[in-house]
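Protein chains in written order, with my numbering: chain A, 7 to 212; chain B, 6 to 236.
Hints are computed from structural coordinates only; laboratory data are not their basis. Any given hint could be a false lead.
Stated by the list, open to error - Below 35 Å or equal to it, Euclidean Cα-Cα: the simulated DSBU-like pairs (lysine-lysine) are:
| id | chain 1 | residue 1 | chain 2 | residue 2 |
| --- | --- | --- | --- | --- |
| 1 | B | 129 | A | 81 |
| 2 | B | 129 | B | 69 |
| 3 | B | 14 | B | 69 |
| 4 | A | 172 | A | 41 |
| 5 | A | 109 | A | 41 |
| 6 | A | 108 | A | 41 |
| 7 | A | 109 | A | 172 |
| 8 | A | 108 | B | 96 |
| 9 | B | 129 | A | 40 |
| 10 | B | 12 | B | 129 |
| 11 | A | 40 | A | 172 |
| 12 | B | 14 | B | 129 |
| 13 | B | 69 | B | 12 |
| 14 | B | 69 | A | 108 |
| 15 | A | 109 | B | 96 |
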Amino acid sequence: MAMHLASIFFTMILVDNYVLVKFLGICPFLGVSKKLDSAVGMSLAVTFVMVLATAATWPIQTFLLTPVDAAGNLKWDMGYLQTIVFILIIAILVQLLENILKKFIPALYRALGVYLPLITTNCTILGVTVLNIDNGYNFVESIVCAAGAGLGFLVAMVLFSGVRRKVEQAVTPVCFRGLPITLVAAAITSLSFMGFGGIIESIFGA
Amino acid sequence: MSNKPSKFKILTNGILNENPVLRLVLGTCPTLATSTMASNGIGMGLAATFVLLCSNVVISALRKVIPDQVRIPCYITVIAGFVSVVQMLVKALVPALDSALGVYLPLIVVNCIILGRAEMFASKNGILDSALDGIGMGIGFTVTLTLMGTIREILGSGTWMSGLDGLFPFLPEGFAIQVLPASIDPFTIMTSAPGGFFVFGVMMAAATWLTTRPKKEKPSTSAEAAEGGNV
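Generate the whole structure from the sequences, applying the supplied hints.
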């Protein structure tokens with residue numbers, strides 16, 4: 007069991023990295039990765055909200071939208087409401103978290119606060135909640151998967167903020183200045199992550 | 006509002022000058038993820054255009070009713086409603102597209118193009134203008150996705166428009182146009198993640214060059230300098 011969870015966790019960080027392999031959360035990846043400390047702050051906020059959102063949406067999907075009785079049949083099917091319900095939960099959760107942090111943990115709020123409003127429209131959060139349901143993970147697996155996805159986001163952001171520092175100093179053709187050359191650099195970073203393909207299977211023997 | 010742009014201008018604005026993907030850099034995630042094949046690009050683009058048009062119209066109609074403080078949650082609810090409609094339609098009518106787009110179909114909700122146009126355009130303009138803006142932006146998005154899908158598909162698998170039969174059932178099954186001769190090994194990396202970033206970067210540079218290069222009257226020195234510097 008522990009091996010299985012570890013395999014999910016490391017797969018999410020290295021092989022199925024949300025940013026560099028699955029193309030989720032590209033906007034914050036390009037927007038906030040200019041400085042190392044803001045990249046870390048944003049990624050920690052994302053990881054935090056991701057785990058919370060998964061913990062909130064998994065029970066709602068399982069017990070409210072598509073509950074299953076003892077024989078394994080659907081009691082009722084409201085799966086079509088998934089998108090609306092999930093995005094509203096995430097929006098409420100982010101707002102709630104912002105208020106709670108502001109009131110009780112002001113230090114953490116100062117560190118993460120500016121990134122919180124951006125997170126509602128970050129596709130990694132909605133993506134991880136929907137993918138957990140699609141993959142048929144149970145509650146523990148979903149939480150582990152969300153934490154792994156968040157840390158994968160952190161790894162990608164931190165690595166890329168370093169790459170970006172170098173790229174900004176390089177002399178590039180005028181039309182490549184700014185985002186285009188950043189994207190080409192992202193291509194090479196993403197290429198390096200392709201090297202991890204298959205590593206999890208050989209370590210954990212999945 | 007003294008200098009009101011014409012209806013035609015609003016419609017064509019989204020195609021090159023304010024192309025949502027290449028110039029405004031919105032909606033990058035679905036762009037990179039679904040442009041592995043030209044046909045997926047068309048499907049994704051049309052789905053997003055539908056949501057964009059409907060949400061722009063509804064938000065524009067409600068712009069005087071929605072209080073300013075809670076506008077973002079209201080917009081998201083409207084958008085999520087239309088995305089659910091699209092999800093159900095696609096699942097019922099084009100199941101092949103549903104499996105090709107996977108999680109990116111529900112993720113249209115958090116596509117920044119749609120929320121961005123709601124905030125920047127539909128909340129300030131009339132219904133007709135907003136509808137035109139939605140269509141224009143949608144066309145710009147679809148064209149970019151298809152173009153990018155074309156480049157990645159031709160280089161990465163040597164074919165063009167494969168999978169289009171899932172989108173349009175009147176086409177023969179297994180429809181695809183072989184572009185590169187089979188003797189050339191396709192450049193598989195183009196269809197995977199690094200190729201996506203790379204093609205996107207190059208296309209963005211091309212769009213910048215097209216929109217900012219000096220007009221033909223003047224000798225285009227800076228554009229030539231840009232090309233000359235490309236070593």
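List, from low to high, the hint numbers that the structure doesn't satisfy. Per hint list: 1, 7, 8 and 15 violated.
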